[in-house]
Structures are given as C-alpha cells and as structure tokens.
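*Asks:* Take a look at the letters that make up each chain.
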Amino acid sequence: NKVKSTVYRSVTADDGITDASDARQYNNFYEFGTSKQDPSRYAHEFNPYPWEIEVTGECLKPGKISLEDLLSSRALEERIYRLRCVEAWSMVIPWTGLELGSVLKSFQPTSKAKYVAFESIVRPSEFRGQKSIFSSLNWPYIEGLRMDEAMHPLAFLAVGMYGEPVPAQNGAPIRLLVPWKYGFKSIKSIVRIRFTETEPHTTWNLSNPSEYGFYSIVNPNQPHPRWSQANERRIGPNGDVTRIPTQLFNGYSEVAELYRDMDLSKYM
Amino acid sequence: MRAKKIYWWLVFSLSALPSLYFGLIYFLNPRQLGIDPVEVLLAESGQWAFRFLLITLLCSPLRRLKLRFLSRYRRMLGLFSFYYASLHAVIYVVAWIELDWPIFIQDLVSRPFIYVGMFAWLVLLVLAATSPKAVVRALKKRWVILHRLIYVAALAVMVHLWMQTRGAIGEVLLYGCVLFLLLAERLYRAVPLLNHQSVGKSANN
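Chains as they are written, first to last, in the working numbering: chain B, 1132 to 1399; chain Y, 18 to 222.
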C-alpha cells in the first residue's frame, strides 16, 4: 500500500543521488550560522516537536494545523529533486512529503489569494544564528510564491529526506521545495503560511534587492551580478564534485507555462 | 650567524606550512577538507595570501616599536603573500572553472570581484618581480615608491573579499579592522612627516 502510493518524479538516469551525509553536512541555514558546517554542528540545539503551522490571510478556513494532523490526513509521496543553490552548487536529494497545492487547497483560498507567503520559526534560544550580530539577514526568514507557482504539482512540502524525518539542519520538521528556483526560495522550518493579494516580501530580496528577486528562477542565461550561473558544482554520489552546465528551470521545463507571459530576463 | 640561519628556516617553514598542510590532505584524502574540497582550497589560499599581506604590513610598525624580529623577514613574508595569491589564482583557473576560457574571459570582463582580485595579484607580481636585492639596489629610491603599491594591493584584496561576502560580515569586519589599523598608523605618521622631517627618513615605511 505504501509503495503503491509512492510517486517518483523528475529523476533522470544521469542524475546520481547525493550521499545522505553530504546533504546533511553542507547546508545554508543562516538561523544556525553562516558557514556551511554550522547547521549540522548546531542542529541538536533545535527541538522541532511538537510543531504546528498557522494559516491566515485570504482563505475561508484559516487556522492552525499540527504536523500530526497534516501527515495523517493524506498519503506521503517520495520525490527525487535537483536542488540548485544560487551560489552555484547543487545536489540531488530524495524527499518525502506532500504536494504543496493539495495542502493549500484544504484551507480554501479565496479569489483574492494571489500569492502565498511563508515564514520560518524564530527561536533565538535554539538558533544561535538568530542571536548573531554578524548576520545581515532579519528574522523571521520569509519567502513567497505566486499562487499558480504554489499550486504547480512540482511545489512540495517535505517532512522526510532519505527516508527519515528531515534533519534539523535541512529544515525540520517541514520545509518547502521549489526545485525550479534557487534553493533559498525553498524555505525551511515553516511555522506560518499566509494567503495575500499583493506580492509578499522575501528575506534575501530585502537584504539585497539588486541581487535576489522575488522569482529567482534557475536560469543559466541570467548571471548573478557577481558570478556566472551558467555552470554549477554538482555534489553527486560518493562525494564526487563535478562541474556541469546549469539548465533553465533547473531542468524542470514543465513549469515554463507559468512564465509564458513574462520576459524572464526582466524578472530576477 | 647560526641562530640567524635557524630563524630564517623557522620563519620559512612556518610560512610554508599552511600550503603543505592543505596540499597534503587534498592529495591524501580530499574529503577530509570538506564536502567540496576545492572550495576549501580556494578560500584558504585566498585567506592566507591576505594574512601574509597583513603580516608584511605589520613589519614596519613593529620595528618602530623596537620589535625587529619580523622586519628582517619582510621580503620573505611579502613573497609568501604572492605565493599564496598565485596558488589562489591557479586553483581558481584550474580547479574551479576548469580551464573554461570563455568563462574566464567573461569573469575577467564582467565580474568586479574577479578583476579586482586579478588586479591585486598583478600588483603582487610586480612587487615580487622587483624584490631581489639586485633590483632593489638598481632602482634605489624608485623601489621605495614602487613598493608603496602594496597599499593598493591590500585595498584591492579587501574589496575582493568584501565583494563576495554574502550574509556573513564577521570575516570582512575582522580583516577590515586590521587593515584599517595598519593604514591609519602610517597615515598618522605621514602627516607630521610631510611638515617637519626629510623625505629620506620615509625610506622604509
């Protein structure tokens, strides 16, 4: 029954899966600190349980939902996604979770809901990076998607990674995955979801608007102001790091229809 | 004479140690350096180049405080800065962009932090090439003026580091403070110098 309900998607023969230990030890999660090793080093200081998500804004059924209720309400799926960081490294990771759209629909967003805003947890006693004076980011970490992006079947809420609960350093207990956008869009440790009529603010855009836009679609033809996005360092199986060309939409060309009316070179 | 030689070897070995350490681990077991070992080599070589540049700049102020030990090795320390900067550049070209020349040209033309870094390396190259004693003697006063370019290199490296910072500002602040102190001390001394003392005394700043 479990196997039957498991859906595997978006993995090609060339894309070997990153070692679990690498995906758990090379993280950007500034709540724990700004170096790649900080999140795994300090992950034990964060206890994510119990957990609930508050849903507000332009919807008919706002409210709080606990992680248990969310998980018991539907079958989990496994998906193997490429994750492309804006810093030009990438991994291929198997996730377990739920389609974002199906979760969002249960709160019955109204016609005014044009965007979805997400918010990460603030708990300075458990996230030492939130106490640091050397961070240029403000907390809580916030992100957002356009409604049609959020409803796209590829948008995913993960609760598991490599068949285990998502580790703290990877965004326990529940995180977003938007595999056709740069990794920072895939917000971790979500505590709040809000349906909005206007485009929500996002953390990296507020921190540096000339470098990080709301859309932040993986696009090899649009360089970051400071570095090229044409290639990426794939941290692949057995820890092998190879330099490979980056694909438009991170290879998920099925999302192209979302942007057919947009000139992607004009939207960061 | 003997003690002098031992000290020379001591300073030389200590200065070479970081490159031997990281080089050895990289060739024996690169995974021990981190998930992306090349990234670590790139960052470490750059940091050591900057550290040696700052140590070189520290020699004269220390000498003015009657601590003469380091200033005897100023040329060697400066050359080690060039050595680590060259390793940094080679790692970038060979291991990071994997000799992808179109990307190299694109980076040089359009990425400020790359061309500022390359410029700093070129300045260090000029300083290294004019560091043999014979050249120092031949250039005389012009050598002193030429080697003030080290300030230009230091500022370029600072900008190079600052321009690639993303989120974390602690490192940039630390290096920035050290460089500021080293430059401020010289500026402070230079102002009365302009008014009272002969230019000849500035020969070794």
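One thing to keep in mind: the hints can contain errors.
Reference listing, derived: stretches of chain B covered by chain Y, where coverage requires no fewer than 3 residues with Cβ under 8 angstroms from a Cβ of chain Y [stated by the list, open to error]:
hint	region
1	1265-1273
2	1292-1301
3	1357-1365
4	1378-1389
Quick caveat, the hints were computed from the structure, so don't treat them as lab data. Heads up, the beta-carbon is just placed ideally off N, CA and C, and yes, glycines get one too.
*Asks:* A separate judgement is required for each hint: does it hold in the structure or not?
*Replies:* Hint by hint, here is what the structure shows:
1. For the region 1265-1273 of chain B, the stated coverage by chain Y holds: 4 residues have a C-beta nearer than 8 angstroms to a C-beta of that chain, and at least 3 were required.
2. A count of 0 residues in the region 1292-1301 of chain B with a Cβ less than 8 angstroms from any Cβ of chain Y is obtained; the coverage claim is therefore unmet, three being the minimum.
3. Figure legend: the region 1357-1365 of chain B, annotated as covered by chain Y; annotation consistent (6 residues with Cβ-Cβ distances under 8 angstroms, at least 3 required).
4. Residue count for the region 1378-1389 of chain B with a Cβ under 8 angstroms from a Cβ of chain Y: 0. That is fewer than the three needed, and the coverage hint is violated.
Checked against the numbered hints above, the structure violates hints 2 and 4; every other hint is satisfied.
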